[in-house]
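Sequence lines, in order, name chains A and B.
Residues 227 to 655 in the numbering used here are what the first sequence lists, from first letter to last.
Residues 122 to 236 in the numbering used here are what the second sequence lists, from first letter to last.
Hints are not guaranteed to be accurate.
Claimed, not checked - What the simulated footprint calls covered on chain A by chain B, stretch by stretch (three residues with Cβ under 8 Å from a Cβ of chain B suffice, anywhere in the stretch; the number is not a length):
hint, region
1, 290-296
2, 372-383
3, 517-525
To be verified - Residues from chain A that keep clear of chain B, each with C-beta distances beyond 10 Å, as calculated:
hint, residue
4, Leu-283
5, Leu-287
6, Asp-469
If you're looking for bench data, these hints aren't it; they were derived computationally from the structure.
Note that the Cβ used here is the ideal one computed from N, Cα and C, for glycine as well.
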Amino acid sequence: MKFHEVVRAQDPAAPSEVEALVEHLFRHSAGQMVSRLARWLGSARLDLAEEAVQDALVRALQTWPFGGVPAEPRAWLFQVAKHRALDLIRRDVALRGKLDGLDGAADHFPEADVRDAALDDDELAMMFMCCHPSLPHAGRIALTLKTVGGFGVGEIAAAFLAEPDAIAQRLVRAKRQIREQEIAIEIPRPDELGARLESVRDVLYLLFNEGYAAHGGENLVRAELCGEAIRLAGILSRNPATDVPAVHALLALMLLQASRLPARVDDAGDLLLLSEQDRARWDHGLIAEGLSHLELAASGNEVTAYHVEAAIAAAHAVAHDQASTDWTGIVRLYDDLLALKPSPVVELNRAIALAMTDGPGAGIAAIARIEADPTLARYYLLPAALGGLWLEAGDAGRAAVCYREALTRPCSAPERRFLEKQLARCGRR
Amino acid sequence: MAKFLVLARGTGTAYANRSPQEMQQVVQRYMAWTAGLRDAGRMIHAERLQSDGRVVRGTGAKMAVTDGPFAESKEILGGFWLLEAASYEEVQGFLKDHPHLDVGSLEVRQIHDMG
Numbered sequence: 227m228k229f230h231e232v233v234r235a236q237d238p239a240a241p242s243e244v245e246a247l248v249e250h251l252f253r254h255s256a257g258q259m260v261s262r263l264a265r266w267l268g269s270a271r272l273d274l275a276e277e278a279v280q281d282a283l284v285r286a287l288q289t290w291p292f293g294g295v296p297a298e299p300r301a302w303l304f305q306v307a308k309h310r311a312l313d314l315i316r317r318d319v320a321l322r323g324k325l326d327g328l329d330g331a332a333d334h335f336p337e338a339d340v341r342d343a344a345l346d347d348d349e350l351a352m353m354f355m356c357c358h359p360s361l362p363h364a365g366r367i368a369l370t371l372k373t374v375g376g377f378g379v380g381e382i383a384a385a386f387l388a389e390p391d392a393i394a395q396r397l398v399r400a401k402r403q404i405r406e407q408e409i410a411i412e413i414p415r416p417d418e419l420g421a422r423l424e425s426v427r428d429v430l431y432l433l434f435n436e437g438y439a440a441h442g443g444e445n446l447v448r449a450e451l452c453g454e455a456i457r458l459a460g461i462l463s464r465n466p467a468t469d470v471p472a473v474h475a476l477l478a479l480m481l482l483q484a485s486r487l488p489a490r491v492d493d494a495g496d497l498l499l500l501s502e503q504d505r506a507r508w509d510h511g512l513i514a515e516g517l518s519h520l521e522l523a524a525s526g527n528e529v530t531a532y533h534v535e536a537a538i539a540a541a542h543a544v545a546h547d548q549a550s551t552d553w554t555g556i557v558r559l560y561d562d563l564l565a566l567k568p569s570p571v572v573e574l575n576r577a578i579a580l581a582m583t584d585g586p587g588a589g590i591a592a593i594a595r596i597e598a599d600p601t602l603a604r605y606y607l608l609p610a611a612l613g614g615l616w617l618e619a620g621d622a623g624r625a626a627v628c629y630r631e632a633l634t635r636p637c638s639a640p641e642r643r644f645l646e647k648q649l650a651r652c653g654r655r
Numbered sequence: 122m123a124k125f126l127v128l129a130r131g132t133g134t135a136y137a138n139r140s141p142q143e144m145q146q147v148v149q150r151y152m153a154w155t156a157g158l159r160d161a162g163r164m165i166h167a168e169r170l171q172s173d174g175r176v177v178r179g180t181g182a183k184m185a186v187t188d189g190p191f192a193e194s195k196e197i198l199g200g201f202w203l204l205e206a207a208s209y210e211e212v213q214g215f216l217k218d219h220p221h222l223d224v225g226s227l228e229v230r231q232i233h234d235m236g
């Protein structure tokens with residue numbers, strides 16, 4: 227092993243190394259390395275790839291504090307992980323005396339090509355494995371976050387408000403299924419690409435929503451889910467195999483939604499209504515990027531739910547304020563969305579938009595039609611929205627009843643504070 | 122100013138089950154500590170030590186070389202920093218909140234000044 231050449235310690239007197247560590251370097255490198263190694267070793271050796279990567283990170287932790295960060299940290303990590311994987315394979319061979327088709331593996335071990343395009347390709351192949359339609363939904367999400375996202379079990383558990391043991395079990399089961407069904411780490415053939423890609427898109431959208439719904443500064447891991455979903459969708463949009471309009475639509479939707487994140491909470495970390503947000507704090511770089519992906523999404527004949535949802539997000543993003551927002555257009559887009567993907571949540575959003583054009587009474591009437599829907603029984607946003615409309619209609623008593631009901635349903639701490647604030651407003655009238 | 126050797130015992134294997142993000146945060150804490158002393162002109166040198174080694178005893182025909190030292194992992198010398206400081210007290214101040222203390226111990230030795 228000659229990797230001491232790469233490992234060579236840097237002069238501790240060299241200029242600041244703290245800045246040399248890119249944000250999320252370990253997490254992103256972990257996803258890239260696991261993807262690279264597992265793609266080479268085969269999905270049956272996913273555990274071995276993960277162990278090698280974890281060991282490489284521990285090695286960095288033991289070495290860099292003394293020697294400094296190497297000039298090419300990612301290349302360093304890749305090199306160490308690669309050698310560690312070879313060691314682990316030799317250990318397996320020594321223990322079980324078999325190679326399982328890995329004869330001469332060391333000879334054709336992939337070079338540590340750490341250029342983005344090569345890494346993108348590995349991560350894309352890994353995403354297709356993690357989101358394979360034969361895996362249970364929860365397993366797909368956990369596996370994507372663990373292997374491609376580089377999140378730890380504890381972090382995934384925190385993001386989904388689950389017990390770490392439950393997440394670990396989910397991962398074990400999904401990996402067993404991958405081994406038994408011999409699900410390969412590869413970009414699917416053109417004839418099955420469509421359905422497989424749909425599954426990947428849906429997982430990324432779920433990840434994004436999970437992060438977006440709870441973003442309130444109290445749970446940073448959940449906020450990171452939005453960034454990770456956008457990063458992975460970006461990989462899809464850059465690869466010729468997956469660069470289709472529906473991917474651009476999804477990416478546009480996520481970028482436009484994410485553009486509002488900086489304005490969604492006030493300085494105290496409390497949630498703000500759309501009408502209360504300082505639109506100067508919206509991320510206009512993300513809006514521009516989102517709009518350009520929306521344009522790319524418009525090529526082709528297919529209109530997916532992501533297209534329509536992105537168009538709704540765009541209508542908000544380009545409006546200067548609540549009053550000049552094209553609410554009539556938004557109601558029409560919600561009609562389109564309902565035709566594509568009927569859902570009581572979409573009905574609820576349509577009702578809120580309708581209240582903006584036809585007044586709170588119209589919104590209240592529209593919500594009344596879905597109020598009894600069992601899928602919304604624990605959805606705090608329904609009574610919360612209704613409360614807002616009653617307040618607007620001047621009936622603080624009814625609004626208070628709604629907010630009290632909303633407070634009995636599951637929601638995050640910032641959401642709870644928001645509801646309590648609204649409830650207090652009812653009392654003052 | 123005198124020279125001080127800070128020996129780090131324990132090799133950070135306690136972090137083996139942490140997530141990549143958590144490990145990066147730990148590395149960054151170490152880097153920030155190092156950078157602080159370097160920027161203040163107090164860091165002279167630093168090296169990581171490999172965990173294996175040799176122990177040599179006896180002379181001539183009686184010389185014996187064994188693999189080692191095989192101390193417990195928390196005793197293994199992981200690396201050292203060579204610093205410049207006015208006193209032990211000042212070094213202790215540098216080591217307050219040192220990230221290594223979460224998983225191991227630090228031994229401080231003043232370099233004897235021949236002058």
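Verification of the hints:
1. 290-296: It holds, with 6 qualifying residues against the three required.
2. 372-383: Since three or more residues must qualify, the claim that chain B covers the region 372-383 of chain A holds, with 6 doing so at under 8 Å.
3. 517-525: That given contact is violated, which follows from only 0 residues of the region 517-525 of chain A lying within Cβ reach (below 8 Å) of chain B.
4. Leu-283: 5 Å, violated
5. Leu-287: 5 Å, violated
6. Asp-469: 29 Å, holds
Hint check: violations occur at hints 3, 4 and 5; the rest are consistent with the structure.
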